[in-house]
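Novice: Chain by chain, the residues run as shown.
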Amino acid sequence: MAEEIVQPAPVIEVKGLTKRFGDRVAVDSLDFSLYHGECMGLLGPNGAGKTTTIAILLGLVQKSAGQVRIFGQGYPSDLWKVKKRIGVAPQMDNLDPDLTVIENLLTYASYFDISRRTARVRAEELLEFFALSLRQSEVIQNLSGGMRRRLLIARALINSPDLLILDEPTIGLDPQARHLIWERITTLKGQGTTILLTSHYMEEVERLAGRVMVMESGRRVAEGDPQELVHQRIGQEVYEVMSVEDELTHLAAILDSCSADYERLSDRILIYVRRPCPELEALALSHSYVMKRPTNLEDLFLRLTGRTLREDR
Amino acid sequence: MSPLFAKVWMRNCRVWRKYMTASLIGNLGQPLLFLGAMGFGLRGEITDIGGLTYLQFIAPGLVTSAVMYSAAFETTYGSYTRLSTQRTFEAILMTLLTPRDLALGEITWGATKGIISGLVMFAVFPLFGIMPAATSVFLFPVLFLEGMAFASLGLMMTSLARNYEFFNYFTSLFITPLFLFSGIFFPLENLTPWIQSVMKTLPLAHVVETSRVLCYGGSMGDVLFGVTVTAFHAAAFTWIATLLLRRRLIT
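Going line by line, the protein sequences match chains B and U.
Numbering-wise, the first sequence is residues 68 to 380 according to this note's numbering.
Numbering-wise, the second sequence is residues 426 to 676 according to this note's numbering.
In short, the hints are calculated from the structure, not lab data.
For every residue, glycine included, the Cβ atom is placed at its ideal position computed from N, Cα and C.
Just a few of them, taken from the derived set where beta-carbon distance is under 8 Å, the chain B residues facing chain U:
(1) Leu125
(2) Leu127
(3) Val128
(4) Gln129
(5) Trp147
(6) Val155
(7) Asn161
(8) Asp163
(9) Pro164
(10) Asp165
(11) Leu166
(12) Thr174
(13) Tyr175
(14) Tyr178
(15) Asp180
Just a sample of chain B residues kept apart from chain U, beta carbon distances all over 12 Å, derived:
(16) Phe99
(17) Ser100
(18) Ala198
(19) Leu255
(20) Gly257
(21) Tyr268
(22) Ser333
Kindly produce the complete structure, drawing on both the sequences and the hints.
Specialist: So this is what it looks like as structure tokens:
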């Protein structure tokens, strides 16, 4: 007998979401859901519509069309109820520079109508969790980039949110600072926090997200388990052949004739291999500079969203 | 628990307390110097106006000008900094607060700063030998309404501004003319009738007249009329500023 699967209501449910700014379509008939306890990575180049999507979820940008439900609540009539349960760490640091570390948390708590006593207890817990306790009386300007980011995430947790939105949580940080933040996010995931994460760092998404959605020009171009998605779309392995232009052109011609899945760049060719193929391997290895490696999310990302740097980004 | 807009007020107050002295000197320097320079400098040169010495004549108006400058500067340069470089408004809108709460918080705070400047000015009257009448306790609500009106005007400018230079239009073309032509330094009646009429529709003139009556006595009917006009200004401008700020923040 088939087990009955009871699907709980999604935390976020977006259907046909569209946002136009004049002639430009920032978000184009977007559909997606985020389920309780899940960490979903939102991937896409700059200008793909990730931040606009988040701004719509928060009611900061008005949608042109489509439906948004958060916690099963209609929107935007129940925006207040919804925002009470969301914590956001935005991409652009907007900590209050006029206030100290602890004042930032306490003041932010007041915007959620949290009592002073509760706020203080919570703020101290969060400073402890993010290794900022010793800095609590520091002014924001004196904090390092990593500390500011940690404080920004701590601030997002001040209202004990049921949904945490992290927009590029480690952008511009050194490896130590990034690892510290990843550890903390992993702990939060372990506690069952539902997380929507956007990032440019594939490593970050592979590490933290159980599911990814790739966006390009406001549309969803792929969605699924990161590993499965990579294997499904571009295979398990890739040969990276580096050579001079003539030789690459020659190789490309051969690859075309056997309809292999490859990608030509200015100084190299990437050959994606779905199943073991001795002929391809021999062909690739006949070149002197070749590297065989497992495919990763970055390969998929670049395949899906293109390699060219566009003017409008 | 206080209403949500009060959280913005409290945030601004908390920051202000850190820089209180500098802020007060910035807001009070100009009106105090005017009072000293004009009041004493022109003493004897100008005959009494309506039974008041020149110093007495200009003092209540300078209180209202201190309110105007403090309130308007707070919600232009201050609010615009929080809107643009500091991104404080953006952070606040990610919480329970709506653009309306934010606008009300900024306006009431601007009005509060106005009142503080006005009251400090008023408090130094005895140093200049000015002894206001008991009715001057009613200055408090009048100055608050004035503060609301000018804070709202400032916030309207902030909602439209793309850079700090934009505020030059506001200060040079609006605030300074109000300061000079609202009856602070000479009776409004000395102006051409049509300019008088224009000044009387604008926010400052009625407050100047009302404050002078409250300090030295006069027609309470005029006071009532002045307060009504100022209350109307405060309410209308608050409403418009709230709409404009919302339009600026929610795209």
